[in-house]
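2 protein chains.
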Amino acid sequence: MAGKVYLVGAGPGAADLITLRGADVLRRAGIVFFDALVHADTLALAVDAEKIAVGKRCGRHSTAQRFINKRLIDAAASHAVVVRLKGGDPMLFGRAHEELQALQEAGIEVEIVPGVTAALAASAAVQVSLTRRGVARSVTFVTPRTAAGEPQHDWAGAIAAADTGVIYMGAGEAEEITRALIAAGVPASTPVLVVENASLPAEEQTRLTLGDLPGFAAGRHAGPVLIMLGRVYGDAYAAAKAGARAALG
Amino acid sequence: MAGKVYLVGAGPGAADLITLRGADVLRRAGIVFFDALVHADTLALAVDAEKIAVGKRCGRHSTAQRFINKRLIDAAASHAVVVRLKGGDPMLFGRAHEELQALQEAGIEVEIVPGVTAALAASAAVQVSLTRRGVARSVTFVTPRTAAGEPQHDWAGAIAAADTGVIYMGAGEAEEITRALIAAGVPASTPVLVVENASLPAEEQTRLTLGDLPGFAAGRHAGPVLIMLGRVYGDAYAAAKAGARAALG
Chain D
1 MAGKVYLVGA
11 GPGAADLITL
21 RGADVLRRAG
31 IVFFDALVHA
41 DTLALAVDAE
51 KIAVGKRCGR
61 HSTAQRFINK
71 RLIDAAASHA
81 VVVRLKGGDP
91 MLFGRAHEEL
101 QALQEAGIEV
111 EIVPGVTAAL
121 AASAAVQVSL
131 TRRGVARSVT
141 FVTPRTAAGE
151 PQHDWAGAIA
161 AADTGVIYMG
171 AGEAEEITRA
181 LIAAGVPAST
191 PVLVVENASL
201 PAEEQTRLTL
211 GDLPGFAAGR
221 HAGPVLIMLG
231 RVYGDAYAAA
241 KAGARAALG
Chain W
1 MAGKVYLVGA
11 GPGAADLITL
21 RGADVLRRAG
31 IVFFDALVHA
41 DTLALAVDAE
51 KIAVGKRCGR
61 HSTAQRFINK
71 RLIDAAASHA
81 VVVRLKGGDP
91 MLFGRAHEEL
101 QALQEAGIEV
111 EIVPGVTAAL
121 AASAAVQVSL
131 TRRGVARSVT
141 FVTPRTAAGE
151 PQHDWAGAIA
161 AADTGVIYMG
171 AGEAEEITRA
181 LIAAGVPAST
191 PVLVVENASL
201 PAEEQTRLTL
211 GDLPGFAAGR
221 HAGPVLIMLG
231 RVYGDAYAAA
241 KAGARAALG
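Sequences listed follow chains D and W, in order.
For the first sequence, the numbering used here gives the first residue as 1, with consecutive numbering after it.
For the second sequence, the numbering used here gives the first residue as 1, with consecutive numbering after it.
These aren't lab readings, by the way, just hints derived from the structure by calculation.
Incorrect hints may appear among the rest.
Claimed, not checked - Every beta carbon over 12 Å from chain D, so not counted as near; a handful from chain W, in silico:
| # | residue |
| --- | --- |
| 1 | Leu-43 |
| 2 | Ser-78 |
| 3 | Ala-158 |
| 4 | Glu-176 |
| 5 | Ala-202 |
| 6 | Phe-216 |
To be verified - Which bits of chain D does chain W cover? Going by a derived footprint, with three or more residues having C-beta under 8 Å, they are:
| # | segment |
| --- | --- |
| 7 | 13-24 |
| 8 | 27-38 |
| 9 | 84-91 |
| 10 | 169-181 |
What the hints assert, rightly or not - In silico contact screen, one side only, chain D against chain W (beta carbon under 8 Å); selected entries:
| # | residue |
| --- | --- |
| 11 | Lys-51 |
| 12 | Arg-66 |
| 13 | Asn-69 |
| 14 | Leu-100 |
| 15 | Gly-115 |
| 16 | Thr-131 |
| 17 | Phe-141 |
| 18 | Val-142 |
| 19 | His-153 |
| 20 | Pro-224 |
Backbone N, C-alpha and C define an ideal beta-carbon position, used for all residues, glycine too.
Construct all of the structure, not just a fragment, from the sequences and the given hints.
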């Protein structure tokens with residue numbers, strides 16, 4: 001059998017924030033390989049599938065990745081619909097490249113189903129636009145996390161040059177992040193909004209300034225953490241919160 | 001009646017790339033105000049709703065926006081579920097801020113349902129990660145379009161500082177975009193990928209270099225256009241295409 005492998009974005013967390021297409025592919029799946037952060041309710045959409053956890057934590061990346069690649073290739077020999085389910089979107093910090101390449105080299109057809117990335121769910125919850133007109137017309141998404149042997153890149157400079165910045169996978173590195181951003185010219189007074197577990201019941205929003213970021217986080221939280229910064233999280237955020245409170249009565 | 005207004009991201013184009021939550025809200029809607037770029041099949045999900053086109057084109061922004069705000073507020077007086085349906089995601093170049101503010105000032109409850117933004121759908125179609133490991137760890141989304149009276153901002157500098165850049169709403173301004181990016185230090189040899197109508201049957205991918213961008217586009221295309229640039233669209237794109245062709249036999 002020549003099965004097809006779907007790399008599917010599960011979205012930010014809540015099970016109903018997957019796309020209709022993603023849900024349909026899950027319903028048809030014979031086997032699903034899923035990341036640690038995928039919600040149980042999302043997995044439950046795959047009613048007929050064998051479900052296999054392949055969540056990897058940093059540090060043991062490359063071995064785990066080769067193992068996942070092999071399992072995906074093997075699965076396509078015995079299942080018509082194979083799903084690789086990833087938190088968020090596969091093409092934005094989703095590490096899809098290695099899997100894509102391995103599958104293509106093995107001659108297996110691949111389709112990618114995009115997903116809602118966490119920053120958009122966090123922005124929806126906060127009700128502050130990443131690109132509020134008159135304040136922000138550019139937004140940069142980065143991760144400061146690099147694997148062993150990867151070249152350094154100037155993620156802090158990329159944030160400094162944009163109106164709004166969003167840092168993925170920065171939990172537990174608040175001190176290094178703050179130091180790098182300040183060295184790149186981001187003022188310590190820059191408004192910061194930390195959103196944990198965006199779109200889930202355990203969602204938390206914490207507003208602070210860049211200078212106070214090192215005092216935050218480190219070890220407190222199990223779920224995904226977004227560090228968002230820029231002028232939009234200053235007065236606009238405060239006004240939006242006041243407005244939402246007024247609207248709720 | 002105190003209705004609730006939902007700002008819903010319709011996703012990049014294809015009707016099945018809306019979220020389950022977005023589709024559910026549309027099914028329950030009594031009235032839907034939709035943008036010009038929302039697909040007819042997406043609208044059809046709102047089986048019981050009155051549907052009102054409020055697509056605005058640039059140039060007459062502020063008048064049109066005040067009118068939309070007023071209609072949303074009025075609609076909440078007579079409908080339990082009011083949907084404002086926007087292409088892509090409401091919080092990323094979705095101009096949600098003015099509507100949010102007007103609704104909050106009117107004491108109306110608002111919920112935002114995030115959507116898949118066009119750049120993620122384009123990346124899925126192209127099968128090239130925006131943040132391919134070892135090549136790109138930062139991605140910047142900008143629009144060069146500013147409204148009359150808005151302060152200038154250095155969108156080109158923000159692109160220059162990131163590994164991957166995505167320009168929204170740049171169609172018809174290829175020459176100015178190219179000039180600004182080159183002035184900001186982006187080499188003319190930088191690989192560019194233009195994706196039109198991402199996720200729709202009319203989707204087109206064109207690969208070129210930044211230096212050749214002014215010769216492209218201008219007036220050729222009706223749908224939304226994304227200009228994507230960076231190293232990931234160089235050899236990686238070519239390799240992915242070759243791999244996908246091999247996989248398809």
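Given as non-interface: W:Phe-216, which should sit over 12 Å from chain D by C-beta: The claim stands: W:Phe-216 keeps its Cβ more than 12 Å from every Cβ of chain D (closest is about 22 Å).
Closer than 8 Å, Cβ to Cβ, for at least three residues: run that test on the segment 27-38 of chain D against chain W and report holds or violated. The restraint on the segment 27-38 of chain D is violated, since only 0 of its residues have a Cβ under 8 Å from chain W and three are required.
Take a quick look at W:Leu-43 and tell me if its Cβ sits farther than 12 Å from every Cβ on chain D, holds or violated. Answer for W:Leu-43: holds, closest chain D Cβ roughly 14 Å.
Answer holds if the nearest beta-carbon of chain W is closer than 8 Å to that of D:Gly-115; otherwise answer violated. holds (7 Å)
Against chain W, run the beta carbon of D:Val-142 and see if the smallest gap drops under 8 Å. holds (4 Å)
Test coverage of the segment 13-24 of chain D by chain W using CB-CB distances below 8 Å; three residues minimum. holds (count 10)
Hint validation: D:Thr-131 versus chain W, beta carbon distance must be below 8 Å. Holds or violated? Because about 5 Å separates D:Thr-131 from the closest Cβ in chain W, which is inside the 8 Å limit, the hint holds.
Is the coverage entry for the segment 84-91 of chain D by chain W consistent with the three-residue Cβ rule at 8 Å? holds (count 3)
Return the status of the interface hint for D:His-153: holds when the least beta-carbon distance to chain W is below 8 Å, violated otherwise. holds (5 Å)
So, D:Leu-100 near chain W? Judge it on the closest CB pair being under 8 Å. With Cβ-Cβ at 6 Å, under 8 Å, it holds.
Verify the interface restraint on D:Asn-69: the C-beta must sit less than 8 Å from at least one C-beta of chain W. Status violated, d = 13 Å.
Was the hint right that D:Pro-224 lines chain W, CB cutoff 8 Å? Status violated, d = 15 Å.
In summary, the structure is inconsistent with hints 3, 8, 10, 11, 12, 13, 20 from the numbered list given earlier, while agreeing with the others.
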